[in-house]
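Undergrad: Residue numbers (the numbering used here), protein chains in the order written: chain D, 1 to 391; chain C, 1001 to 1103.
Simulated from the structure, these hints should not be mistaken for laboratory data.
Check before you lean on any hint, since a few could be wrong.
What the hints assert, rightly or not - Here are a few chain C residues that face chain D, going by a calculated C-beta distance under 10 Å: (1) 1017; (2) 1018; (3) 1019; (4) 1020; (5) 1031; (6) 1032; (7) 1034; (8) 1047; (9) 1049; (10) 1050; (11) 1052; (12) 1061; (13) 1072; (14) 1088; (15) 1090; (16) 1092.
Said to hold, decoys possible - For lysine to any residue, the following SDA-like pairs were computed, each having C-alpha atoms within a straight-line distance of at most 20 Å: (17) D:228 with C:1086; (18) D:322 with C:1048; (19) C:1002 with D:321; (20) C:1002 with D:231; (21) D:322 with C:1002; (22) C:1024 with D:233; (23) D:228 with C:1050; (24) C:1004 with D:343; (25) D:228 with C:1093; (26) D:228 with C:1087; (27) D:228 with C:1048; (28) D:322 with C:1024; (29) D:252 with C:1070; (30) C:1004 with D:342; (31) C:1004 with D:340; (32) D:252 with C:1012; (33) C:1004 with D:337; (34) C:1076 with D:231; (35) D:228 with C:1049; (36) D:228 with C:1021; (37) D:211 with C:1024; (38) C:1004 with D:344; (39) D:214 with C:1093; (40) D:322 with C:1076.
Virtual Cβ for every residue (Gly too), placed ideally from N, Cα, C.
Here is what each chain is made of, one letter per residue.
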Amino acid sequence: MNEFYGYERPDGSVGIRNHLLVIAPIDCSYEPAKQVAAQVEGAVAVTQYHGCRADEMLVNALVGTGRNPNVAGILLFGLGCEVLTNDILMEGLKDTGKPIESIVIQEDGGTIKSMEKGVRALQRMSQEVGELQRETFPLSELTLAVECGGSDATSGLAANPAVGVAADRLIEEGGTVIFSEPQEMIGTQHILARRAVTEKVAKDIYEMIEKQEKRLSAMGVDSRYMSKGNIDGGLTTIEEKSLGAIRKGGTKPIQGVLWNTWDRFDLPDEPGLYLQDGTGWDVPSVTHMVAAGAQVVCFTSGRGSTTGHAVAPVIKITGNPKTYENLEDNMDINAGTILDGGESLNSVGRRIFDEMVSVANGKKTKAEALGFKDYVVFGRSRAAERLLGHC
Amino acid sequence: MKMKKAIQLDDRDNVATVTDDVSKGEQVEVLSPMGEVILDTKPVEDIIFGHKLTLRKLNKGEEIIKYGEVIGVASKPITVGEWVHTHNVESGRLPTSELEAEK
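Just chain D, with the same shape it has in the complex:
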């Protein structure tokens, strides 16, 4: 199994879903945008909640989401007086060759007329998208994002290492893997840096994690700190704790840091493993990895989680057998079989990999089947970053 069925986009990228994305560049137009999306099969509306500014980090996240290969068509639905205009987003999206329409409430006849125009535009796109056929592509076209949230003692023991096995396998197939959450890398920078493909990448890894430590320190948090719960749970050192988290990204060489700053929003430029300069907050972390091009997400959770995503399927994996039992309606894979000794780590890793390919081929994840479309754009405080000397 080294192929999957996907949809080729005009820009040559390959999607595994055909979402129609409605982008409200600011929350001011989000309510009507949501109603427009609700009228049309396959449409989903997203926005950002960071105020009226055309901050590059926000633009990059919204544009990145629109550029994601899982998006088949785009409707920009603005209010009109916002700083982050439809035109700014259009500039970043037009070369994808995807169908894009732009509607501005204050210029297109008011709320109801704009909504009507929006529904008609999406209806046309929805009909056209229905004609797209899946074709076979090599697994090297896939980018996987890995994330953990609601961790417990089983996360570092079962779910994360098993996802790491699947991540390694995808890279062996020529694919790409992204993981983020720099806060959870603290204490392992020397280990990650040793896996860097160049000196420059090693330097970037140190820099990214050091910046995160400085942010924590500015908040009065000692980044080397481990909670009593961590220690009682069996974690002896911060290195061990962070290794349990980073193991979800597997063991392959690290091709680069994907910076997410005011100057740049990096995308993987060749296959392999990447670290993203993102956040440890689950939904925004996933949102930004998907904005960097991930078509599919593996999300590990010891306690259980409901997370899905607006345009990317999220496969949820737990290492805790009790959590699987409790939340079987929303956890896709039980990696807890490792703990009762019934199944090896590598065998669970193979199951996760196979599930990822099935999901790429069109199988709905549990969160997708339930219609969960999480999306949160993450923004750093520019003022705080300036004070820390980060920009």
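Guided by the hints, dock chain C onto chain D, whose structure is given.
TA: Just chain C, lined up with the frame of chain D:
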């Protein structure tokens, strides 16, 4: 009765994590990432779920390997089947003694 297990997460590891509470002297089967039994051991003390035991004798100053990486160094000699935790391991990053002092 089902045999208690411990899992080695990487084949370079010199510690394994118990997947159940185990009692002193109880037989514990250590499984490799491939699921093979690599060692049968009897812990020399009670060890609770999620905590680690040693797979071989470690001298003071020797590196503790988990996930195929160094997670700290032995702060005293550790015998096979002994519980490995903050009382006999120092972090390279934050000395455990300092951590204890902060509490």
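Undergrad: State for each hint whether it applies.
TA: Structure-based check of each hint:
no., hint, verdict
1, 1017, "holds (6 Å)"
2, 1018, "holds (8 Å)"
3, 1019, "holds (4 Å)"
4, 1020, "holds (8 Å)"
5, 1031, "holds (6 Å)"
6, 1032, "holds (8 Å)"
7, 1034, "holds (5 Å)"
8, 1047, "holds (9 Å)"
9, 1049, "holds (7 Å)"
10, 1050, "holds (4 Å)"
11, 1052, "holds (7 Å)"
12, 1061, "violated (15 Å)"
13, 1072, "holds (4 Å)"
14, 1088, "holds (9 Å)"
15, 1090, "holds (8 Å)"
16, 1092, "holds (7 Å)"
17, D:228 with C:1086, "holds (12 Å)"
18, D:322 with C:1048, "holds (18 Å)"
19, C:1002 with D:321, "holds (17 Å)"
20, C:1002 with D:231, "violated (28 Å)"
21, D:322 with C:1002, "holds (19 Å)"
22, C:1024 with D:233, "holds (19 Å)"
23, D:228 with C:1050, "holds (14 Å)"
24, C:1004 with D:343, "holds (14 Å)"
25, D:228 with C:1093, "holds (17 Å)"
26, D:228 with C:1087, "holds (14 Å)"
27, D:228 with C:1048, "holds (15 Å)"
28, D:322 with C:1024, "violated (26 Å)"
29, D:252 with C:1070, "holds (17 Å)"
30, C:1004 with D:342, "holds (12 Å)"
31, C:1004 with D:340, "holds (9 Å)"
32, D:252 with C:1012, "holds (16 Å)"
33, C:1004 with D:337, "holds (14 Å)"
34, C:1076 with D:231, "holds (19 Å)"
35, D:228 with C:1049, "holds (16 Å)"
36, D:228 with C:1021, "holds (19 Å)"
37, D:211 with C:1024, "violated (45 Å)"
38, C:1004 with D:344, "holds (15 Å)"
39, D:214 with C:1093, "holds (16 Å)"
40, D:322 with C:1076, "violated (37 Å)"
When held up to the earlier numbered hints, the structure conflicts with 12, 20, 28, 37, 40 and fits the remainder.
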